[in-house]
Amino acid sequence: MPALTDPLRDARAAVRAGRFQDAAVTLAELPAEVREGAEWYLLSAMVSWRLGDFAPSRREALEARALYRERGDTDGEMRAVNVAAAGAFGLGALRDAEEEFHRALQLARELRDDLMVARCSNNLGNVALYLAEHDAALGFYRIARAEFERLGFDHGVAETGINAAITWRDLGRHREALRAADEALEHAERGRAPRLIGEALANRGAALAALGEAAVGRVLVERGLALVRAEQDRLAEPDVLRILGTLALAAGDGEAALRLSREALALAEALRHPWTTAEVQRDLARTCRALGREPEAQAAFAAAAAAFLTLGSVRRAQAMAAERAAS
Amino acid sequence: MPDAPVLAILTLSGSFASVWEDAAREAGASLRAVAPDDEPDGAVALLVAAGGEEQRGLDLIPALADRWAAPLFLVGATASHRFAVEALRRGAADYFALPEDADLLRRTLTARVEAARTRAGRAVPDPGDPFAELAGESSSLRETLQRAQRILRHGDVTVLLGGETGTGKELLARALHNGGARRAGAFVAVNCAAIPGQLLESELFGHEKGAFTDAHRAKRGLFEEAHGGTLFLDEIGHLPLALQGKLLRALDERRVRPVGATQDRAVDVRIVAATHVDLQTAVARGEFREDLFYRLNVVHLVLPPLRERGNDVVLLAERFAAQLAVRYAVPAPRITAAARTALLAHRWPGNVRELRHAIERALLLSPSGVLEPDELMPATRSPAAPVSAAGGLPFPASLDDVLFHAARAAVDLNDGNKSAAARLLGISRARLQRLLERRGGADAGAD
Chain A
1 MPALTDPLRD ARAAVRAGRF QDAAVTLAEL PAEVREGAEW YLLSAMVSWR
51 LGDFAPSRRE ALEARALYRE RGDTDGEMRA VNVAAAGAFG LGALRDAEEE
101 FHRALQLARE LRDDLMVARC SNNLGNVALY LAEHDAALGF YRIARAEFER
151 LGFDHGVAET GINAAITWRD LGRHREALRA ADEALEHAER GRAPRLIGEA
201 LANRGAALAA LGEAAVGRVL VERGLALVRA EQDRLAEPDV LRILGTLALA
251 AGDGEAALRL SREALALAEA LRHPWTTAEV QRDLARTCRA LGREPEAQAA
301 FAAAAAAFLT LGSVRRAQAM AAERAAS
Chain B
1 MPDAPVLAIL TLSGSFASVW EDAAREAGAS LRAVAPDDEP DGAVALLVAA
51 GGEEQRGLDL IPALADRWAA PLFLVGATAS HRFAVEALRR GAADYFALPE
101 DADLLRRTLT ARVEAARTRA GRAVPDPGDP FAELAGESSS LRETLQRAQR
151 ILRHGDVTVL LGGETGTGKE LLARALHNGG ARRAGAFVAV NCAAIPGQLL
201 ESELFGHEKG AFTDAHRAKR GLFEEAHGGT LFLDEIGHLP LALQGKLLRA
251 LDERRVRPVG ATQDRAVDVR IVAATHVDLQ TAVARGEFRE DLFYRLNVVH
301 LVLPPLRERG NDVVLLAERF AAQLAVRYAV PAPRITAAAR TALLAHRWPG
351 NVRELRHAIE RALLLSPSGV LEPDELMPAT RSPAAPVSAA GGLPFPASLD
401 DVLFHAARAA VDLNDGNKSA AARLLGISRA RLQRLLERRG GADAGAD
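One line per chain: the protein sequences are A and B, in this order. The numbers in the numbering used here rise by one with no breaks, and the one at position 68 of the first sequence is 68. The numbers in the numbering used here rise by one with no breaks, and the one at position 118 of the second sequence is 118.
Worth flagging that the hints you see were computed from the coordinates, not collected in a lab. Worth double-checking, as some hints may not be accurate.
[Unchecked claim] Derived DEER-like restraints, expressed as beta-carbon distance ranges: (1) Glu99(A) to Leu199(B): 17 to 27 angstroms; (2) Val34(A) to Leu31(B): 51 to 61 angstroms; (3) Arg220(B) to Arg71(A): 27 to 37 angstroms; (4) Ser366(B) to Arg192(A): 23 to 33 angstroms; (5) Pro194(A) to Asp129(B): 21 to 31 angstroms; (6) Asp129(B) to Asp253(A): 45 to 55 angstroms; (7) Ala193(B) to Ala214(A): 19 to 29 angstroms; (8) Gln323(B) to Gly292(A): 37 to 47 angstroms; (9) Ala338(B) to Pro194(A): 35 to 45 angstroms.
[Unchecked claim] A partial selection of chain B residues facing chain A, derived with a Cβ cut-off under 7 angstroms: (10) Val188; (11) Glu203; (12) Glu225; (13) Arg361.
Cβ coordinates follow ideal geometry from the N, Cα and C atoms, glycine included.
Extracted from the complex, chain B is given alone in its bound form:
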């Protein structure tokens, strides 16, 4: 029988010890006091920083979250939403303000210990490189993936993924799941735009028998199905306003109530959400709740569009050509220089997905062993736009677009070295960073 999971406690100050002592007893976990320099291998780590030590607790989080394998919970006495978000951004798995959150903390610890015990009983395959499917060498993609890699250490942090259609948001969400501590749990994906609004509540939270006309049986919702794993909410911007409040409650309290039920059910789910629209604009228009936006936007990762990934388009085209040649048992084709130029010039509104289809079409319909521009581009003809060195600046473009593309091109030209890029443009590094972030390319400090 495996050893009882360990609840590691680092106490800076404060009391309330009965809360985690009760939780440990209920969950059958052993308690272990640790120091900042220790490296506990427990199921859950608790950093207790009540009684005026909250700031010190916050400051300690990044280093501890990087070194400690267990998800780290911060406990304080400051009941502030902003403080909680800051703790999550620095790498805490969650923040609890005592005494208000005592019950929630007890439930969460119990659920985590149980989940750790379940995971310990399962053989979890080595995920290898979880990001292997997101191939590319452009600095814009590498930056995003490097930040994603760092997030893996932060365990349960909520992530909001941005990027145009076809850039690989679901692949990235899967990579975050498969490379993280929850990989033994389920990855449940749901596209909020693909489900009629009136059904989405029952789909997410489940329903009781007789809750509505067609509810002949009770049904578990996706939150419960994802218990111990990850729930990927794609196209979160399409979530109806009425449901946004329920989602926020589920995230805050880690409990869901199925439609027609009178009691809540505890869930232990990590959320990764994705959108191709600008949620801040949706917030400004009153279409998306601000509090939910901040709750989801703990770490914001943006996948760059293919047209801004420079030579990646050629690299990917070669990779797809080789893969698809194996699939269809034809010789791997050669991509001519003219075809490469055409690939670089195209705007790829459908991004990587569109490129893959273009290669597949060419391979199936013209299996000559050579891919020329006419074979690659016939069905992807989009209005020919002037193309910049950065890979396709639309015309007319906004000033923001021009500045962003100039900044991105300079970074690409300098192999990702931002200081050199800033010198090239004759601006400060900080100004360059602001230009890059203006298009939503950064979080607020998870790394």
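Chain A on its own, in the form it takes in the complex:
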């Protein structure tokens, strides 16, 4: 009897190795009958998401969800809902993302899928952070971290730690941010995940700089930037550049801050990622204002407010409008 082989095996291997472009090519070359299956749609949705193609990712995930539901596969449905939600998140449809992550979390609890519970909790934390609901975000990260840790999933602990560090920094609680980034870095190293090491280093650097360790902070963020560039992490690079820009501004190097912020903005706009764009515009606006470039600052504040509003993050949009008016 011939051995049964998984037609998606090569694509899965490419995904596991982080070679998402290769995975996309492999998936596209598969026979039509394979490309009509739920598994193909789900894997393709995951790959599209990793490549920053959020709209196709969401379409494919919703297709996968419908196919899984049709055949009564709750586990498949749960995974498809999670990716669909992530697609909505990438597109800035926060309320859709929140609704779908909650649905996936509910299914994960019913199925006792602890890893998915952790992932959905982490994602719900991200939605709450975007909506400026910091306490809720930290609550979800707390749950996600505990589950990831119990499962021995270092990547997940690191990712959750980075998210918690970003949340604490947003609150101006830099000691807590430093602790969260410290833990994230340890787990990222344990999990041998250079992309996460880069992000954790950048967040540690930001926290240390805010605590008065500007020189060490800058060195760490620069190391983080080098790592995320080497990993070709399109999502993380503009964010780390933005952090480096804020450090340059704090150190009194306005021109470097402006250059870094503009570089970050070009990357964020190419990525069409509303959250990153909004944050970069906000920091660019502050830099321009500090340098006395008020018209540019006004435009950037307005762009940031619009981007936050697109995300459904009314609180953040209002804060931008207020900051713009405070010239």
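Using the hints, position chain B against chain A.
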């Protein structure tokens, strides 16, 4: 399919057998009668000592808790809080006074058997040495870790951790979890000082949909998330008074009620709490409930500050330098003799965390391969205080501080031998022990 978990029963006296027979039936566990010399490998062990045998039961606990792998519950007829705390201190996982606690005992046994069944179905990694991250050779640290090691055998005992910021309280809490029987469960950590008081109740106990304005959905609390595992309550001294009563109830009854709910939910959670403040003082000021303090303070472990750990500061500095050199791909630096002296002289108010940051800074900003005092200390400059052999006695110091430091220095000088230390100081060993305990370095007999 795995065998049904075993409920091991050692009966000294008393009746109420229907309670655990019902519990075993409900949980699908088999009952097994055991003798004191047996070593049952069950999910739960019950020591029944009602009807005037309570004291004998208490006396048996330390030996049984040391030898038996299963968590040991004492059952008696004395409804006394003090008696219950004494049972926990001697190593019991809990105490139940019958007939009042019959329902609670039934629920607890059912939950334990279910948790044991869940754990049996999970692959639990070997934790290795759970205390490996708490490195050091000073007698003060070793004492704390040795006592922590003994606590691992006591399974579910509630632990209160003390120590200054940066001494490693969360690391120790994790070690107690990872080295204990609950390691297959979740370790959920929450800093009570980091969450606004009005949100903490919902965070700990959960809420129902519509319980308050922003409660668009029902949410599980951290007690439920930690079911079968450990809930680490950091900075417990910041818990608002109104919540302290609810926490006490959750600990006593092992049930929580989410905000807006009408029914309780059973939880099986081990509590490890930590504080850097003196809770007894908080009790005296009326800021912390006395009954909750005693419920948490079953075993009290204190992590010593770095300045009282003698040469550990150098040992740790070398360890961090080696680790961080790998992280940042630079040659492992040499710490000069002058730098060692500076490390020993500094007071390290931020303790181990501060030391690690100091080494990291030096490594990143002066990657010369040699760590000198100027490179290590620039950002950790704290007022230079006179330094004693014990590693930094503040000046002016209280008499308690002076006596404690003298006692600690004598113990360090004698490699932890307290009898020799007492002879050196010309006092009795008991007096030395009292001096060491005055600063909160001991529990009331868990070991």
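Given hint Arg361(B) near chain A, where the shortest CB pair must fall under 7 angstroms: Holds - the Cβ of Arg361(B) comes within 7 angstroms of chain A, reaching about 5 angstroms at its closest.
Hint check for Leu199(B) and Glu99(A) - Cβ pair distance inside 17 to 27 angstroms: The hinted range 17 to 27 angstroms holds for Glu99(A) and Leu199(B), with Cβ atoms some 23 angstroms apart.
Val34(A) versus Leu31(B) beta-carbon gap, inside 51 to 61 angstroms or not: Distance hint for Val34(A), Leu31(B) holds at roughly 55 angstroms.
CB-CB spacing for Asp253(A) and Asp129(B) relative to the 45 to 55 angstroms hint: At roughly 47 angstroms between Cβ atoms, Asp253(A) and Asp129(B) fall inside 45 to 55 angstroms, so the hint holds.
Assessment of proposed distance window 27 to 37 angstroms (beta carbons of Arg220(B), Arg71(A)): Holds, at about 30 angstroms.
Proposed interface contact between Glu203(B) and chain A, which counts if any beta carbon pair is under 7 angstroms: 6 angstroms, holds
Interface hint for Val188(B), Cβ within 7 angstroms of any Cβ on chain A: The hint holds - Val188(B) has a Cβ within 7 angstroms of chain A, the shortest such distance being about 4 angstroms.
Satisfaction of the hinted span 23 to 33 angstroms by the C-beta atoms belonging to Ser366(B) and Arg192(A): 28 angstroms, holds
Restraint satisfaction for Glu225(B) [CB to CB of chain A, less than 7 angstroms]: 5 angstroms, holds
Satisfaction of the hinted span 37 to 47 angstroms by the C-beta atoms belonging to Gln323(B) and Gly292(A): 45 angstroms, holds
Satisfaction of the hinted span 35 to 45 angstroms by the C-beta atoms belonging to Ala338(B) and Pro194(A): Given a distance of about 37 angstroms, which is inside 35 to 45 angstroms, the answer is holds.
Asp129(B) and Pro194(A) - C-beta distance against the hinted 21 to 31 angstroms: Since the Cβ atoms of Pro194(A) and Asp129(B) sit about 28 angstroms apart, the hinted range of 21 to 31 angstroms holds.
In terms of the numbered hints stated before, the structure departs from none.
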